[in-house]
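These are the residues of each chain, in order.
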Amino acid sequence: MSEVSIPQESTGAPAREHTLVKRLLRRKLAAFALFLIFVIVGAVTFASVVAPFDPDEQFFDGLTLQGAPLPPGERFWLGTDLLGRYLLSRLIYGARTSLIIGIVASGIAVAVGALVGILADFFRGWVETVLMRFTDLMMAFPALLLAITLAALFRPSLWIVAMVNWVQMARVVYTETRSLSEREFIVAERAMGVGIFQVLFRHILPHLLSSIVVFGTLGISTTVLLEATLSYLGVGVQPPTPSWGNIIYENQTYFTSALWLVFFPGIAIIALALGFNMLGYALREVLDPTQKGKQ
Amino acid sequence: MGAYVLRRILQSLLILLGVSFLTFVLLYLIPVDPARQIAGRSASTETVENIREQLGLNLPFYKQYFRYLVSLLHGDFGRSYLQKTEVATLIASRFPVSLLLMVGAIFCELLIGLSTGLIAALRRNTPTDIGLMVLSFVGVSSPQLVIGILLLYVFAVQLGWFPIGGYGTFRHMVLPSLTLGFLQAGWYSRMMRSSMIDVFRQDFVRTARAKGLTRAQVLFGHALPNAILPIIAMVGIDIGLFMSGIVVVESVFGWPGIGQLAWQTIRRVDIPIIIGVTLVSAFAIVLGNFLADLIAPLIDPRIKLR
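In the order they appear, the protein sequences are chains A and B.
Each number in the working numbering comes from the position in the first sequence (counting from 1) with 957 added on.
Each number in the working numbering comes from the position in the second sequence (counting from 1) with 14 added on.
Just so you know, the hints here were simulated from the structure itself, not pulled from any lab data.
Each residue gets a CB set at the ideal place from its N, CA and C atoms; glycine is no exception.
A few of these clues could be false.
To give an idea of the interface, some chain B residues facing chain A are shown, with a C-beta separation under 8 Å as derived from the structure [as the list claims (entries may be wrong)]: (1) Val33; (2) Pro157; (3) Val160; (4) Val171; (5) Val261; (6) Trp277; (7) Ile280; (8) Ile288; (9) Ile289; (10) Ile299.
Per label pair, the in silico range of CB-to-CB distance [unchecked claim]: (11) B:Thr99 / A:Phe1010: 45 to 53 Å; (12) B:Arg50 / A:Ile1224: 43 to 51 Å; (13) A:Thr1086 / B:Pro315: 30 to 38 Å; (14) B:Ser107 / A:Val1084: 39 to 47 Å; (15) A:Val1144 / B:Phe121: 48 to 56 Å; (16) B:Phe121 / A:Ile1224: 24 to 32 Å; (17) A:Ser1136 / B:Ile246: 29 to 37 Å.
Please take these sequences and the hints and turn them into a complete structure.
This is the structure we're talking about:
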């Protein structure tokens, strides 16, 4: 017998991430999603360079002589709004608002949801009952109405968006942690006296990671849509800070004569939500082996 | 089955009790003084104190909650601060109008979703399939306010096929129903596609083929019913999304339901109305989920009752 060849140890996280990106890019939809996100994130990062004008500047020549907004044209590519401000600049700066809220609020929602799910499983007993029944209770409220109520009672804020979106994450994490912690290798480790936190960080969290990543990505899309809707209803981002939702809110009464003021922000919202939605689904397919072949 | 139904009813009632408690906590915590709101800005401290006494606002927390619960059970949702009418009356007169819109939306989402899903499944992995699935992604990523305004612009303002807004005839209903149903149509399309593909793989379809039935007979007689029924059983769950959606759709189209009511009261901070609409929505959602859980095992005996 010659020596047994030992397969090369995979080089850990960086290599796996590398193949993850590669596998994503091989899928046309995922590649398209990444492209959409890349364009928007790029525009946000370099807002001051990309945006041709200041988003708050009211141009003297930004309105017609009758005081109506200018349609898309040579000087103002995407036209101007009711106050003679340049729409493209406002969209680019609005992207910053929408993207930050989308990512941060979704991040908070995922963290809260994961924490609730994990705590419920770890403490069991009455903690579990209270947390999971509260989760059920939250599911009985329509997300938008709850957000509106909270915004009307208190003050519109990023927290409100996060607080209505953590519920699904909590349920998923709870179910997964629950079935994980009954598996032999976890039971064995606990029996050997390995500490709760070590088990949590070394075994449970890595197993939950793919669900968390998928849910977080899909959650950004949900959050972007919720923020746009809240801002459109006037209880989200408050003017003069531009956000895609409140650009539509400010201009909607004139949509019959100035459709571009609704159309372009609308397309922007759809593009961002679409990007994160498609990326989320692609991630789910790539990360979850049980989904293979279902396409 | 009987025990299952009973257990689900009890669970639903418990959730509704929780809903009432949570809304009460919200009302309790608000930084607005309801007595002052009702009395008006110019009222004397004495009047405000009187109203506070009347409403029981100086009672301890648990007693206030108990009063609140008892009045909810009597169908009393309190009085609007500003409109001086019973919230229950306001909601009762507007809820059927919203319900009509939701029925229209269910029709639209099933029509669009199931048909595109079926086509995609039959044309699996062709450009038609890929195109439809991309479209379904666009559908679920589109905020209703954008879809609503664009539909309004194209079909009402430019083409003039439908009225610009309002309520009354069938033609008033088309655009709002489409807008409300559009979001979920994408999900139904994806579900229908994968459900059809699953059914095609199953033995009974192969048997039907093998005994010499035509493609159409297999499709309409065996595959379709088995794929569609479990999907239709899930319609009850959509109520939650509709309850959120109607706020936007009704405000875009001027549809006089409870969504518009909620939207009109946001700015005026007429809290009893907002809470009332939230309560009614939560009730509708719990009922919808209950019905979905009840219908699903009747349609598909493979579903285990828990």
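Hint check results:
1. Val33: holds (6 Å)
2. Pro157: For Pro157 (chain B), the interface hint holds, since the closest Cβ of chain A sits about 5 Å away, which is under 8 Å.
3. Val160: holds (3 Å)
4. Val171: holds (5 Å)
5. Val261: Given a least distance of 6 Å, the restraint on Val261 (chain B) holds.
6. Trp277: Because about 6 Å separates Trp277 (chain B) from the closest Cβ in chain A, which is inside the 8 Å limit, the hint holds.
7. Ile280: Nearest chain A Cβ about 5 Å off; hint holds.
8. Ile288: holds (5 Å)
9. Ile289: With Cβ-Cβ at 7 Å, under 8 Å, it holds.
10. Ile299: Where the cut-off is 8 Å and the nearest Cβ of chain A is about 5 Å from Ile299 (chain B), the hint holds.
11. B:Thr99 / A:Phe1010: 45 to 53 Å: holds (49 Å)
12. B:Arg50 / A:Ile1224: 43 to 51 Å: holds (45 Å)
13. A:Thr1086 / B:Pro315: 30 to 38 Å: holds (31 Å)
14. B:Ser107 / A:Val1084: 39 to 47 Å: holds (44 Å)
15. A:Val1144 / B:Phe121: 48 to 56 Å: This hint holds: roughly 51 Å between Cβ atoms.
16. B:Phe121 / A:Ile1224: 24 to 32 Å: holds (28 Å)
17. A:Ser1136 / B:Ile246: 29 to 37 Å: Holds, at about 30 Å.
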